[in-house]
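Its first residue numbered 1, the sequence shown is counted upward by one per residue in UniProt numbering.
The set of hints was computed from the structure by calculation and includes no laboratory data. Since we're looking at a predicted model, the values are computed, not measured. One or more hints might be untrue.
Stated by the list, open to error - Have a look at the derived ranges for each label pair, beta carbon to beta carbon:
1. HIS57 x ASP33: 17 to 27 Å
2. THR42 x ARG82: 24 to 34 Å
3. ASP33 x ASP75: 11 to 21 Å
4. GLU39 x ASP74: 17 to 27 Å
Glycine included, every Cβ here is placed at the ideal spot set by N, Cα and C.
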Amino acid sequence: MARAFEEPDRKDGAMTDPSNATTGDNRVKDPEDWTTGDEPATGAQESYLHTLATEAHEEVPDNLTKAEASQHIDDLQEKTGRGR
1 MARAFEEPDR
11 KDGAMTDPSN
21 ATTGDNRVKD
31 PEDWTTGDEP
41 ATGAQESYLH
51 TLATEAHEEV
61 PDNLTKAEAS
71 QHIDDLQEKT
81 GRGR
């Protein structure tokens, strides 16, 4: 019997246990490798950045790309203790 957190991710219905994920998971890319990384930051990124920056008493640079915003979010999450 499959455990509740397993989801079928193959056409044959086989179950995958997410706790067995490897660190080489190709679903997580470095922002520098994003094909859309040079596009402007999304509204959600900008909103979250401003929330984090307020908590960290920092300014958010204008006109960030998606990749730059993602990196700033990671940095501010670490600084504020939020997120991961």
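Evaluated hints:
no., hint, verdict
1, HIS57 x ASP33: 17 to 27 Å, "violated (31 Å)"
2, THR42 x ARG82: 24 to 34 Å, "violated (18 Å)"
3, ASP33 x ASP75: 11 to 21 Å, "holds (18 Å)"
4, GLU39 x ASP74: 17 to 27 Å, "holds (18 Å)"
Of the numbered hints given earlier, the model fails hints 1 and 2; all others are met.
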